[in-house]
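Chain by chain, the residues run as shown.
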Amino acid sequence: MGQLIFGQLLNGAIIGTLYGIIALGVTLTFGITGIVNFALGVFMMLGAYAAWYFTDTAGLPYPIAVLCAVGVTALAGLVADQALFRFTRNNLVNGLLVSIGMIAVLEATALLIFTATPKELHRVMPGVIQFMGFVLPKMKLTVFLVLLAVIFGTYAALTRTWIGRAAYAYAQNPEAAELMGVRTARLQTGVVVYSTALAGLGGALYASLYSLEPTLGSLFVLKAVEAAILAGIGSVIGSLFGGVILGVTEGVGSIYLPLAFRDVYGLVFLVAILLFMPAGLFAGRK
Amino acid sequence: MRFQNRFLFFALAVALLALPLGVKSDVVLTILVFSWLQGMLAVSFNLIFGFTGQLTMFHAAAFGIAGYATHLSMQHLGVGYWTGTVLAALFVSVLSIIVGTICFRFRLKEFYFAIVTLAFSEMARLTVLNWNSVTNGTLGINLQEKPWLFGFKVNDTVSWYYLSLVALAVTLLVCSRLVHSWMGRCFSAIRLNDELGDTLGINVFRYKLAAFVAGNFIAAVTGSLYAYYLGSLEPGFLSIDQSLGIVAMVLLGGRSSVFAPVVGAVLLTALPHLIHFSAEVRSIVYGSILILTILVMPQGIYGSIAALLRKRHAS
Chain W
1 MGQLIFGQLL NGAIIGTLYG IIALGVTLTF GITGIVNFAL GVFMMLGAYA
51 AWYFTDTAGL PYPIAVLCAV GVTALAGLVA DQALFRFTRN NLVNGLLVSI
101 GMIAVLEATA LLIFTATPKE LHRVMPGVIQ FMGFVLPKMK LTVFLVLLAV
151 IFGTYAALTR TWIGRAAYAY AQNPEAAELM GVRTARLQTG VVVYSTALAG
201 LGGALYASLY SLEPTLGSLF VLKAVEAAIL AGIGSVIGSL FGGVILGVTE
251 GVGSIYLPLA FRDVYGLVFL VAILLFMPAG LFAGRK
Chain S
1 MRFQNRFLFF ALAVALLALP LGVKSDVVLT ILVFSWLQGM LAVSFNLIFG
51 FTGQLTMFHA AAFGIAGYAT HLSMQHLGVG YWTGTVLAAL FVSVLSIIVG
101 TICFRFRLKE FYFAIVTLAF SEMARLTVLN WNSVTNGTLG INLQEKPWLF
151 GFKVNDTVSW YYLSLVALAV TLLVCSRLVH SWMGRCFSAI RLNDELGDTL
201 GINVFRYKLA AFVAGNFIAA VTGSLYAYYL GSLEPGFLSI DQSLGIVAMV
251 LLGGRSSVFA PVVGAVLLTA LPHLIHFSAE VRSIVYGSIL ILTILVMPQG
301 IYGSIAALLR KRHAS
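So the protein sequences, as listed, match chains W and S. In terms of the numbering used here, the first sequence opens at residue 1 and continues consecutively. In terms of the numbering used here, the second sequence opens at residue 1 and continues consecutively.
Hints listed in this document are in silico derivations from the structure and should not be mistaken for laboratory results. Computed from a predicted model, the values in this text were never measured in an experiment. Beta carbons: idealized from backbone N, C-alpha and C, even for Gly. Do not take every clue at face value.
Stated by the list, open to error - Per the computed footprint, the stretches of chain W lying under chain S, defined by three or more beta-carbons under 8 Å from a beta-carbon of chain S, are: (1) 83-90; (2) 108-116; (3) 273-281.
Claimed, not checked - Just some of the chain W residues that point at chain S, by a computed CB distance under 8 Å: (4) Val36; (5) Asn94; (6) Leu97; (7) Ile100; (8) Val105; (9) Val225; (10) Ala260; (11) Leu267.
Just chain W, same shape as in the assembly (with noise of 0.2 Å):
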């Protein structure tokens, strides 16, 4: 039982980070350009797919194929955003919608190309960790451990650099930002990016322990915009742990409970959280 609980919280807490850069990319993208990016779950389906062909096809090494893949993923932020995104800026209907219909095209577009036939990456970094009698498995130990120093990379950034504290300028009055010589249409551009390329990092290093379908992305963004709501829009370490508490959520949930209430928990936290702490979890800990 100790095992098993030991598996489901650390599995849940690896699927928690998954969720959290995901989330990171739609706190990001609220904060700065006031839409929410349902699209960003196709972003991470496309980085998955891109690291799933730079390694099976062109035969990279793994981590360069992750690099590539990265690169893939922020090059098509950089034309939607410029294509479409830019169009919608502050209107949050429009761009709800806009996204939505991006998910229609490019889940489609990848299911053309790759069809439904699940796809798997060659094992990547094989073996596992023996661990106080627990046992690891180091891709998954790997994941986690890069996923984390993204975000705190990503806070550190925040808080320390120039570009860091304009983000924050802007997020909090635009105009004054721009009066301070804040370049505001480069810095939505730059942060939109940004979410799309921390998506197909996410999804490139999904691919590495998760067989890929063209739809894997759409779960995994309700459940991002889920833990991002849960932690408080706007809160960067607070995605991390917002992914976190409902990855584990789901993970020890489903000792306990049908299977079938796995998608129920972020849902009920949703509501909840909105009802009763509209600021979420991390209010004012940016």
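Following the hints, position chain S against chain W.
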């Protein structure tokens, strides 16, 4: 209504009523039945979204739950189809009052309202999906019964055509009366600025709830008709895609008039049948239409044409 408009209106009504006399193709009539039913959904959604300004994602749930509720009340209470539909619509209304009260009491707006109604809708879908003993889970339910109306069994496509057309006409009439009444003015006030409406003495909570319940009630009636026309029920009725499809119809048609969403509904329902696409290409076309409408034609087809005519009229 000016004379010209009234004439156009009657011409359209006569043409639609006489259509089955000329058109014998079952395919065309079937597409039109689906279009009218989808049109009802879009019009009722627009009551909440276009006129009151609340982006609800609960519509698929109201639509799907009603189908199941009609079937269950017919099976377990031994009532006929129409009583079952009324019971289902009342059940959905009670659910909408609960969901609406929660959302509006806590003053959820815009995205937060959309995401919480989406959450309730998903909970409903997961319940339907997993409550196997009642809903038969993913397999769904086959509906053999057909409704009776004035001693006729509504069985063939032509009678369904008339039933759905009348249902759509009643929906349009009710919505247009509602929108042009004092209540409709309260809806507009809430859409434009609900805080200002509040200070002017409009009970914002009550009218938001009224619009939400009225829209879901019509969606419930549609759901019951749709399920019995199709002859089957499945959890996919409650999926997010269903709600998004409705949003797309309303945007494509236009959200500023009662009638406009029907245009979008007819186009989006008929298009995939007129041109034979694979499911993937259809999805790509659908997504592109959604994106293009928002970026190029934010008023929708009806709104754009109306604006064009106004400009011509003025010059």
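Verification of the hints:
no. : hint    : verdict
1   : 83-90   : holds (count 3)
2   : 108-116 : holds (count 4)
3   : 273-281 : holds (count 3)
4   : Val36   : holds, 6 Å
5   : Asn94   : holds, 5 Å
6   : Leu97   : holds, 5 Å
7   : Ile100  : holds, 6 Å
8   : Val105  : holds, 4 Å
9   : Val225  : holds, 7 Å
10  : Ala260  : holds, 4 Å
11  : Leu267  : holds, 4 Å
Checked against the numbered hints given earlier, this structure breaks none of them.
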